[in-house]
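Enquirer: Fit chain B to the known structure of chain A by using the hints.
Note that the protein sequences, when read in sequence, are chains A and B.
In our numbering, each residue carries its 1-based index in the first sequence increased by 368.
In our numbering, each residue carries its 1-based index in the second sequence increased by 1.
Since the hints were made in silico from the structure, they are not lab data.
Honestly, I wouldn't trust all of these hints.
[Said to hold, decoys possible] The calculated lysine to aspartate or glutamate pairs, modelled on EDC-like cross-linking and capped at a C-alpha distance of 16 angstroms, are:
#1 B:K174 - A:D612
#2 B:K142 - A:D411
#3 B:K142 - B:E97
#4 B:K223 - B:E200
#5 B:K29 - B:E7
#6 B:K71 - B:E61
Since this is a predicted model, take the numbers as computed values, not measurements.
If you want the building blocks of each chain, they are given just below.
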Amino acid sequence: MTGLADAAVWASALTKRFASTLAVDHVDFRVEPGELFGFIGPDGAGKSTLFRLLVTLYTPDEGEARVLGLDPVKDLWRLRRKIGYMPGRFSLYPDLSVAENLSFYASVFGTTVERQMATIEPIYRQLAPFAGRRASALSGGMKQKLALCCALVHDPEILFLDEPTTGVDAVSRREFWDLLARLREGGLTIVVSTPYMDEASRCDRVALIQHGRILRIDTPDAVCAAYPLPLLGVRGVDRLGMLDAMRMHPHAESVWPFGASLHFTDRRAGADPRQLASELREWLAARNIEVEVTPIDPTIEDAFMLLMSQQERAEVAAP
Amino acid sequence: MNLAIEARGLTRRFGSFTAVDAITFDVKPGEVFGFLGANGAGKTTAMRMLIGLLQPTAGEAWVAGYAVGKESELIKRRIGYMSQRFSLYDDLTVSENITLYGGIYGLGSTEIEDRRRQLVARLGLEGREGALVRSLPLGWKQQLAFSVALIHRPSVVFLDEPTGGVDPITRRKFWELIYETAAAGTAVLVTTHYLDEAEYCDRLTIMVDGRIAAYGTPTDVKRNAGAATLDDLFLRLTRPGASE
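This is chain A alone, in the form it adopts within the complex (with noise of 0.2 angstroms):
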């Protein structure tokens, strides 16, 4: 690892109280010039806060962080110039037309719309058809897709996206993320926050973060592959009934309804999945339920939602 000087962002113990709820609990994690970073959690658990750390708008009461090797307390009015920030909830002016706000928000950084235009013009162009159209009146998918270009009109060298596809559709959302990819393409750094675990696959690397902590940091590809215990698909007509026997199971850790499948995950680490899964077939047989069983590899969810019980398990027991 490089040292702390090359680090896009750094943070140390960062904390942040609201009274007395650790909204951000002693975070450490470092983002790597040119990545595309990603927090998954869900809402509440401190994503929109740690951005506020980030991006000087929030100081904190424990840890430091350094954005561009810059002090987010300290540094911030020239933090500010080199960061772009769309913030969770939509932060456009809504009676502005669409050409409006950006040149609002170029004005603000003492730029214009066409000398940024090379940065943002990928986006720009998807834009420009309702260039004259009040920001309002825009479909979900388009407003963030001006939120995003007006963080991007100062031609910043790093992006926070604070949750930039929340409430969009799935479809809008991928068109996004295609967005995000050519921009990370570009070289820029770009730290985003979301709570739609399918998302991860998207990132170069992700945090997993639930109440203030994170749970884990790394690829997508190597938090499912630490998924520890045997994962097994079950499919079957009757789910409802499915998912009551299989909690009944002996050695079932968790049983959990995944899209047109359940998933069922084994307390016997290490033990071979094809002979559970004809073991688990068998046994629900013997109680009238027909089923087709399968070893699979987990998802990112399936990894969020073991460390999060194991997470809630450790919190139960400590004293």
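Expert: Leaving out everything else, chain B in the frame of chain A:
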């Protein structure tokens, strides 16, 4: 069998724009029905007509046996509705929210008291009845909002993106509440942006530009279109030009 929802050519125009274009579908009692579509496809407009907040321009529909657009007040008494995020009052306590909604839905005070006790027990909220709703974790708020929408035992409940933003375990626990509700005979119409959740529905529609572009069980709609997953089908229907 009486249908929970029946729509025949239901249409809504705003000026020259047709937001909902002659949709026809039905929902059976005890069915979990997914109502899918991209942003702006017309889902919300269709739902607003069904729950009696918006008058149809053309077509007919019945909800819980009552005619949409003509018997709105009767419909409102037979349905529950939980909106995007929630419909609870943050500044009221758990108990106060239950009492308020019980009253709005026309329950008597003994009935409200009974159901309040059941509901609090089922959600594991004993001892938190006096807590302000704003202080509850998001997952609890959603479960409470759902339970409150069911307090008058409606025949149909409409859930508009009920699981946005919650963690994956809470999201699944919420779906187990949906299953329980449906198993007890209530029809559940649910919108969602999580396509894995669409697989949990008995049947579903996918709306595109105000029309129903797919209708059936998750297995059937995938098979009919030759799509491997609902995600693929959704992409193909909503962005016909997009390459895979």
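Enquirer: Now tell me if each hint is right for this structure.
Expert: Here is how each hint holds up against the structure:
1. Our distance criterion of 16 angstroms between C-alpha atoms is met by B:K174 and A:D612, whose separation comes to about 13 angstroms.
2. Restraint check for B:K142 and A:D411: satisfied, since their Cα atoms lie roughly 13 angstroms apart, inside the 16 angstroms limit.
3. Between B:K142 and B:E97 the CA atoms are separated by roughly 14 angstroms; this keeps the pair inside 16 angstroms, and the hint holds.
4. Taken as a hint, the B:K223 and B:E200 pair is honoured in the structure, with Cα atoms around 10 angstroms apart against an allowance of 16 angstroms.
5. Our distance criterion of 16 angstroms between C-alpha atoms is met by B:K29 and B:E7, whose separation comes to about 9 angstroms.
6. For the given pair, B:K71 sits about 10 angstroms from B:E61 by alpha-carbon distance, which is consistent with the 16 angstroms threshold.
Checked against the numbered hints above, the structure breaks none of them.
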